[in-house]
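Student: Sequence:
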Amino acid sequence: MTPRFTERDVDRALPLPPAMFQILIALGDGERHGYAVMQDVATRTAGKVRMSPGTLYGSIRKMLDDGLIEELAERPSEGDDERRRYYRVTRFGRAVAAAEADRYATLIHQARSTGLVPKRS
Numbered sequence: 033m034t035p036r037f038t039e040r041d042v043d044r045a046l047p048l049p050p051a052m053f054q055i056l057i058a059l060g061d062g063e064r065h066g067y068a069v070m071q072d073v074a075t076r077t078a079g080k081v082r083m084s085p086g087t088l089y090g091s092i093r094k095m096l097d098d099g100l101i102e103e104l105a106e107r108p109s110e111g112d113d114e115r116r117r118y119y120r121v122t123r124f125g126r127a128v129a130a131a132e133a134d135r136y137a138t139l140i141h142q143a144r145s146t147g148l149v150p151k152r153s
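Start counting the sequence shown at 33; every next residue gets the next number (our numbering).
Hints may contain errors.
DEER-style ranges, computed between Cβ atoms [what the hints assert, rightly or not]:
#1 Thr77 to Ala130: 37 to 45 Å
#2 Pro50 to Asp97: 44 to 52 Å
#3 Asp97 to Glu39: 14 to 22 Å
#4 Ser153 to Arg44: 20 to 28 Å
#5 Lys94 to Gly60: 17 to 25 Å
#6 Arg93 to Arg152: 19 to 27 Å
#7 Ala74 to Asp112: 42 to 50 Å
#8 Asp113 to Asp41: 17 to 25 Å
#9 Pro150 to Pro85: 35 to 43 Å
#10 Val149 to Arg117: 15 to 23 Å
#11 Thr77 to Arg120: 33 to 41 Å
By construction, these hints were calculated from the structure, which means they are not laboratory data.
The structure displayed is predicted, hence computed values, not measured ones.
Built from N, CA and C at the ideal position, the CB exists for glycine as well.
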């Protein structure tokens, strides 16, 4: 099956704002509601990145519009709060996240090769 997006579409989505990349990372291993995304980002970054609700939900809105994530039609469990909206990464979102990770890896390599950032031992 051929994906409905091209490499050019992926390139046009880059660079991602840091908040959007963090959201994709948080959703990379499963569906989450907004508050759980905020908690995951804070946990994964050891509290160094804390997203405000405005940043989170503004980013989610744009990511939905851009096709990076989608809202789930069904709830993971019946006892869950009806107001919660759950999101997951789309195939396009995964392709964009992979390209963004490669972009960061290239930047880090360049910074290390110039001596700006120490090389890892």
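Student: Looking only at beta-carbon atoms, does the pair Pro150, Pro85 fall within the given range of 35 to 43 Å?
Tutor: 37 Å, holds
Student: Between Ala74 and Asp112, does the C-beta distance stay in 42 to 50 Å?
Tutor: 21 Å, violated
Student: Taking the Cβ atom of Pro50 and the Cβ atom of Asp97, is their distance within the range 44 to 52 Å?
Tutor: Hint violated: Cβ distance 19 Å, outside 44 to 52 Å.
Student: Note whether the CB distance of Arg93 and Arg152 lies within 19 to 27 Å or breaks it.
Tutor: 38 Å, violated
Student: How does the Cβ-Cβ distance of Thr77 and Ala130 compare with 37 to 45 Å: does it lie in that range?
Tutor: Violated - the Cβ-Cβ distance for Thr77 and Ala130, about 20 Å, lies outside 37 to 45 Å.
Student: Looking only at beta-carbon atoms, does the pair Ser153, Arg44 fall within the given range of 20 to 28 Å?
Tutor: 38 Å, violated
Student: Is it true that the C-beta distance of Asp97 to Glu39 lies inside 14 to 22 Å, as the hint says?
Tutor: About 21 Å separates the Cβ atoms of Asp97 and Glu39, which means 14 to 22 Å holds.
Student: Check the following: the C-beta atoms of Val149 and Arg117 are separated by a distance inside 15 to 23 Å.
Tutor: 39 Å, violated
Student: At the C-beta level, are Lys94 and Gly60 separated by a distance inside 17 to 25 Å?
Tutor: 18 Å, holds
Student: Please test the hint of 17 to 25 Å on the beta carbon pair from Asp113 and Asp41.
Tutor: 35 Å, violated
Student: That 33 to 41 Å hint for Thr77 and Arg120 (C-beta), does it hold up?
Tutor: 21 Å, violated
Against the hints set out earlier in the document, violations occur for numbers 1, 2, 4, 6, 7, 8, 10 and 11.
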